[in-house]
Amino acid sequence: MSIQLKNISYTYMAKTPYEHLALDDVSLTIPEGKITAIAGHTGSGKSTLIQHFNGLLKPDSGTVLVDDVDIGTKSTAAKQARRKVGVAFQYPEYQLFEETIALDIAFGPKNMGCTPEEIQDRVKYAMEFVNLDYDKYAERSPFQLSGGQKRRAAIAGILALKPKYLVLDEPTAGLDPSGRQYLMERFMRLHREEGTTIVLISHNMDNIASYADNVVILSKGKVLLQDTPEEVFRNEEAIKAAGLDLPEIKVILNELVSAGLDIDNRSYTMNKAVAEILEGLRRQGRC
Amino acid sequence: MLTDITLGQYFPGNSPLHQMDARVKIVLLFFYIISIFLFDENLNYAIMTASAVLLICLSRLPVIMVLKSIKPLWWIILFSFFMHIFSTPGEALVKVWIFEITREGILRGFIISLRLVLLIMISSLLMFTTSPLKLTDALESLMSPLKGVGFPAHELAMMMTIAMRFIPTLLEETDKIIKAQQSRGSDIGDGNVIQRTKGMLPVLVPLFISAFRRADELSVAMEARCYRGGAGRSRMKQQRVHKIDYIATVVFIIFIGVLAVVQVMVK
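In order, the protein sequences belong to chains A and B.
Residues in the first sequence are numbered from 0 upward in steps of one, following numbering that gives the first Met the number 0.
Residues in the second sequence are numbered from 0 upward in steps of one, following numbering that gives the first Met the number 0.
For the record, the hints were derived by calculation from the structure and aren't laboratory data.
Warning: the hint list may mix true and false statements.
Said to hold, decoys possible - 30 Å max Cα-Cα, derived DSS-like pairs, lysine-lysine:
| hint | chain 1 | residue 1 | chain 2 | residue 2 |
| --- | --- | --- | --- | --- |
| 1 | B | 133 | A | 57 |
| 2 | A | 5 | A | 33 |
| 3 | B | 178 | A | 161 |
| 4 | A | 219 | B | 178 |
| 5 | A | 163 | B | 197 |
| 6 | B | 133 | A | 14 |
| 7 | A | 109 | B | 197 |
| 8 | A | 271 | A | 73 |
| 9 | A | 83 | B | 178 |
Stated by the list, open to error - Pairwise CB distance ranges, derived in the manner of DEER restraints:
| hint | chain 1 | residue 1 | chain 2 | residue 2 | range |
| --- | --- | --- | --- | --- | --- |
| 10 | A | 115 | B | 165 | 37 to 47 Å |
| 11 | B | 70 | A | 114 | 18 to 28 Å |
| 12 | A | 26 | B | 165 | 34 to 44 Å |
In this text, all values refer to a predicted model and were calculated from it rather than measured experimentally.
Every residue gets a Cβ at the ideal spot worked out from N, C-alpha and C, and that includes glycine.
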């Protein structure tokens with residue numbers, strides 16, 4: 000079970016002088032139960048791509064399968080398959096509209112046709128998940144919150160849908176470092192506890208290195224690389240050609256290797272890198 | 000998609016018509032429109048039609064696009080055509096009950112329709128070959144003599160520029176909000192009138208909030224750059240009259256001269 004994109008192409012403003020091919024024959028698989036990161040330079044087609052995951056955009060050619068169901072059709076099965084995918088857009092706080100936070104978060108479950116009790120449960124669950132105290136915040140207006148709290152309330156609105164696949168477009172953009180880390184940890188907890196498949200759009204390679212099981216690199220509307228982080232980060236030229244940076248850990252390891260330390264520079268997480276460096280130093284008898 | 004719209008009708012290009020100064024284009028268009036209604040000899044209509052065809056060729060625009068510009072006013076043209084066919088007295092060709100189709104009527108109807116078609120096509124040529132920004136700049140510059148009598152030419156032009164600047168932004172925003180709410184399962188555009196109006200609320204509230212936020216940010220940004228209205232303000236892109244504009248003006252004066260001579264001679 001997975002989200003599969005087969006030969007997707009999409010053109011903005013077709014047949015006008017402003018025609019722009021945003022996706023060019025993209026094929027990729029988002030495996031279930033994994034964390035897949037999609038990275039790419041601005042304008043590489045990341046945001047266009049994720050709008051295909053739940054049928055917001057219809058591809059000019061190609062098919063999108065969610066759990067083997069073609070979501071491009073009008074059948075009930077396709078509608079249900081589309082609902083399995085929850086998309087949180089960039090700056091989701093700008094979509095808040097209700098009078099109270101609880102009502103805003105309830106918008107999604109209500110549209111899904113949940114019973115009032117179920118809605119109540121889901122609102123509580125979602126608010127607690129993003130660490131907004133239900134008793135304190137449920138009846139407040141979302142517009143009284145701080146920026147970071149608004150973001151969390153908006154994301155709770157998506158979590159209340161209990162999606163099987165959660166797509167996050169730059170979820171931490173514009174947050175302070177502690178807010179970033181906090182939010183990412185919450186998503187990881189969701190992944191661990193509920194087994195939610197997470198698709199993370201980011202150009203922060205350090206984030207990708209520390210969380211992703213799979214990495215997709217997009218460049219100019221095409222899939223440049225699609226592999227495990229280890230394999231992807233090995234392809235330094237391709238990553239630079241796509242206008243992206245290597246994770247900082249990778250840069251440090253590369254520098255150490257070129258400075259003469261005999262270590263394996265394939266690790267990309269902090270813990271593995273530290274172990275590797277210590278091991279290398281020990282081998283040289285310097286530690 | 001909602002953002003797939005072209006603002007105004009501007010079609011980027013590099014033809015002589017694109018290169019001309021917008022002010023010259025507006026002034027010449029003004030006199031061209033007057034001459035369409037002033038010179039009513041058949042030969043003159045032929046000359047004017049020929050000149051319009053020549054201008055379209057010169058603009059290097061897709062001919063279909065220029066022809067499509069008539070579409071919104073198609074019914075008005077048809078209506079006036081039939082009005083004239085039936086209401087002009089003269090040599091009857093066909094008679095149905097009290098309606099009479101006359102030879103003069105057909106001719107008259109044709110001429111009137113031709114006038115309207117010329118009018119629309121020539122005006123849309125201006126829109127096709129001039130970017131909205133240049134157009135407002137030109138309007139400001141042409142209206143600036145009125146500043147003496149307290150007419151806020153600069154403020155009007157600035158308001159138009161800002162409004163046009165924000166149309167694509169707000170459309171993009173609307174598109175984003177619609178998609179975000181659709182992702183939460185809202186069916187915008189489904190159901191009866193009341194349901195549909197209610198369905199718009201999750202879009203309109205965030206849209207208004209963001210429009211106000213943007214307006215506020217823009218005014219702060221403008222004030223931070225010491226904007227205080229038009230007095231003493233210089234421009235980055237000066238509007239200059241080039242050789243091509245002089246040539247166009249001379250050709251246009253000859254064109255008007257020919258029309259006037261034909262008009263007098265035929266009489």
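Against the structure, the hints come out as follows:
| no. | hint | in the structure |
| --- | --- | --- |
| 1 | 133(B) to 57(A) | violated, 36 Å |
| 2 | 5(A) to 33(A) | holds, 19 Å |
| 3 | 178(B) to 161(A) | holds, 18 Å |
| 4 | 219(A) to 178(B) | holds, 23 Å |
| 5 | 163(A) to 197(B) | holds, 29 Å |
| 6 | 133(B) to 14(A) | holds, 25 Å |
| 7 | 109(A) to 197(B) | holds, 14 Å |
| 8 | 271(A) to 73(A) | violated, 48 Å |
| 9 | 83(A) to 178(B) | holds, 16 Å |
| 10 | 115(A) to 165(B): 37 to 47 Å | holds, 40 Å |
| 11 | 70(B) to 114(A): 18 to 28 Å | violated, 51 Å |
| 12 | 26(A) to 165(B): 34 to 44 Å | holds, 38 Å |
In terms of the numbered hints stated before, the structure departs from hints 1, 8 and 11, listed from lowest to highest.
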